[in-house]
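2 protein chains.
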Amino acid sequence: MNFGFLLFPDLEELDLVGPWEIINVWRKYSNGPSCLTVSERKGEIVCAKGLKLIADYTFEDCPVLDYLLIPGGQGRKTEMHNQKLLDFVKQQSNNCRQIASVCTGAFILHSAGLLRNKQATTHWSALEELRALNDVRVDERRFVRTENVWTAAGVSAGIDMALAIIAEEAGEETAGEVRLYAEYYPDNKRYGTAHTNEKAPAYVK
Amino acid sequence: MNFGFLLFPDLEELDLVGPWEIINVWRKYSNGPSCLTVSERKGEIVCAKGLKLIADYTFEDCPVLDYLLIPGGQGRKTEMHNQKLLDFVKQQSNNCRQIASVCTGAFILHSAGLLRNKQATTHWSALEELRALNDVRVDERRFVRTENVWTAAGVSAGIDMALAIIAEEAGEETAGEVRLYAEYYPDNKRYGTAHTNEKAPAYVK
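Chain order of the listed sequences is Y and W. Numbering of the first sequence is given in the working numbering, commencing with residue 27 and proceeding in unit increments. Numbering of the second sequence is given in the working numbering, commencing with residue 27 and proceeding in unit increments.
Hint data in this document are derived by calculation from the structure and do not stem from the laboratory. Please note that a few of the clues may not be correct.
Which copy is meant is left open, because identical chains are indistinguishable; a pair holds if it fits in one copy or across any two.
Unchecked claim - Calculated pairs, DSS-like style, for lysine-lysine (alpha carbon to alpha carbon, straight line, at most 25 angstroms):
| no. | residue 1 | residue 2 |
| --- | --- | --- |
| 1 | K68 | K215 |
| 2 | K110 | K78 |
| 3 | K144 | K225 |
| 4 | K68 | K110 |
| 5 | K116 | K68 |
| 6 | K215 | K54 |
| 7 | K215 | K231 |
| 8 | K116 | K144 |
| 9 | K225 | K110 |
| 10 | K54 | K225 |
| 11 | K103 | K54 |
| 12 | K54 | K144 |
| 13 | K231 | K54 |
| 14 | K68 | K78 |
| 15 | K231 | K144 |
| 16 | K103 | K225 |
| 17 | K225 | K116 |
Keep in mind it's a predicted model, so treat the numbers as computed, not measured.
All chains should be modelled from the sequences, with the hints used to inform the complete structure.
See below:
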């Protein structure tokens, strides 16, 4: 089994690397998939905050994927109209056991035709835009699943979604072992008042 | 102001990218530092789980840093004996307002002489090794600070430490705004029984 992570310019770094870490650790504790990165072109990908990545594969030489994750970030505004990328996502999705987006990566899933009439979420600042598409049932939770299509809320929410995918595919005990390895026991200190912003998603309130 | 992130082969991905994301967002809400990556050599750095990165600078052309973060990962076992890397860390630390490690990056800080007689922590699986150094006061918390030297526990703990550094440098309101942007409101579901492992750190129990 393999798990592909889609790279594109201006992706949000933690959208990608939160799940990347968690899914890779799965392999350590049970028969987890082998992880790879894939992008449209060879060469350096500069992320939204400036981190520079190199993908393992291009769309042309990427193997058939059993799982696919799509991060968000400013770059999604371009990529949601990139037909070559959407065709890649659509084609791979036919074989995927599970397909997932983090943050505004949901808009790429939607453009690829994979969110219509499904429950989904995105970064809190883009919930209205997702609602305005009129064919997605927006659900303001940390992550949302309809059949084999998973969407996480903003940025760090991909970590929680990745653990839930492992629990689904390999059981709760394996998800717990991954959680211990990654020492994912956050302190939950909220700091100041920003979380009381009226635009904060329902699950935070 | 600038904030350097040290890259080396076999670093653990989330150790680096958790704080990278959080510190970069700081700049969005207040006068946060500009972030950069630095490695010993030019070219591709393959991380512990296979992600491929390219650093912005080498030790030779890296500017003077105001902050420095050192990730952990299997690669630290080599780098804690790499005199060129230790010299770079030591020299930059003279100018740093704050210097930080995540996970087993603490052993690089120690080899650079920056943890002696200080309180510190590391990944739970390396706590005994840190204790055996005999000159570090090991404190099993999510992150630990002594003066301007910060150490985080394993992998994801770097996110919590980065928020605390922002709260220290820019105030709690800014840290809260960064937290909202990164939607860092984890669901805390523990899954299974792994967290009851006797080797789990004190703060988890």
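Hints broken by the structure, by number, lowest first? 1, 9, 12, 17
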